[in-house]
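Colleague: Residue strings, one per chain:
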Amino acid sequence: DAKTTQPTSMDCAEGRAANLPCNHSTISGNEYVYWYRQIHSQGPQYIIHGLKNNETNEMASLIITEDRKSSTLILPHATLRDTAVYYCIVRVAQGGATNKLIFGTGTLLAVQP
Amino acid sequence: KAGVTQTPRYLIKTRGQQVTLSCSPISGHRSVSWYQQTPGQGLQFLFEYFSETQRNKGNFPGRFSGRQFSNSRSEMNVSTLELGDSALYLCASRLGHITDTQYFGPGTRLTVL
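The listed protein sequences derive, respectively, from chains A and B.
For the first sequence, the working numbering gives the first residue as -15, with consecutive numbering after it.
For the second sequence, the working numbering gives the first residue as 59, with consecutive numbering after it.
What the hints contain is simulated information worked out from the structure, not anything from laboratory work.
Idealized CB from N, CA, C, for every residue including glycine.
Treat each hint with caution, since some may be false.
[To be verified] If the Cβ cut is set under 10 Å, some of the chain A residues that face chain B in the computed set are:
#1 Q26
#2 P28
#3 S45
#4 I86
#5 G88
#6 G90
Given the sequences, and given the hints that come with them, work out the whole structure.
Modeller: What follows is the structure, encoded as structure tokens:
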């Protein structure tokens, strides 16, 4: 089962910041929070990840609460091309060299003109 | 650098047939994971290969199998196809260390008639 909870859908006006929340209250100390997005019928696209500190890259910012039980992905200036399903994933590590992603249902972000 | 490539992009088969899907990882990446995406079950992990060895396996029947070659390219095979195997099959690659990010290919859309 997915270890994260996200709203099913959100709307955002074009040009405004999109703030996508994620709850991961059972996260372990060595687990990262990853964000991917999937535009209809395409492969998921990596956005950003973090462990405990806030992170920023050319696509987005990731804000992780101090207790690490929740996080927010921020798209600073949403465009119509940002309309997608956004997945928040706590990365599960098994053994010494394995890695699988457990996807939940994600948040459908609809950017409105 | 080229991304993850998957062939073919679209495939139509009939029940009872078998199918082989191919994935070429990003150059230098040694780990390849496979996922199945259906409207009902979402994105589910199939298996992961690292250095030609299967390192982790999801909860799928034995009809689903895979392998990885010495150049890190991977194939997955589904035998005795069922209607429920219709799905988008996604391949993701990463460098190799457990903390490395997974990057997805565009997927192969399999339709079973």
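Colleague: A closest beta-carbon separation below 10 Å is what the hint needs, so does Q26 of chain A meet it against chain B?
Modeller: 6 Å, holds
Colleague: Tell me if the interface restraint on G90 of chain A is satisfied: Cβ within less than 10 Å of some Cβ in chain B.
Modeller: 8 Å, holds
Colleague: Let me know if the C-beta of S45 of chain A comes in closer than 10 Å to any C-beta of chain B, holds or violated.
Modeller: Interface hint status for S45 of chain A: violated (17 Å vs cutoff 10 Å).
Colleague: Quick check on G88 of chain A please, does its C-beta sit within 10 Å of some C-beta on chain B?
Modeller: OK, holds: G88 of chain A within 10 Å of chain B, min 8 Å.
Colleague: Taking the least C-beta to C-beta distance, is P28 of chain A closer than 10 Å to chain B?
Modeller: Holds: closest Cβ of chain B sits about 5 Å from P28 of chain A, inside 10 Å.
Colleague: A closest beta-carbon separation below 10 Å is what the hint needs, so does I86 of chain A meet it against chain B?
Modeller: Because about 7 Å separates I86 of chain A from the closest Cβ in chain B, which is inside the 10 Å limit, the hint holds.
The structure fails hint 3 only (numbered hints given earlier).
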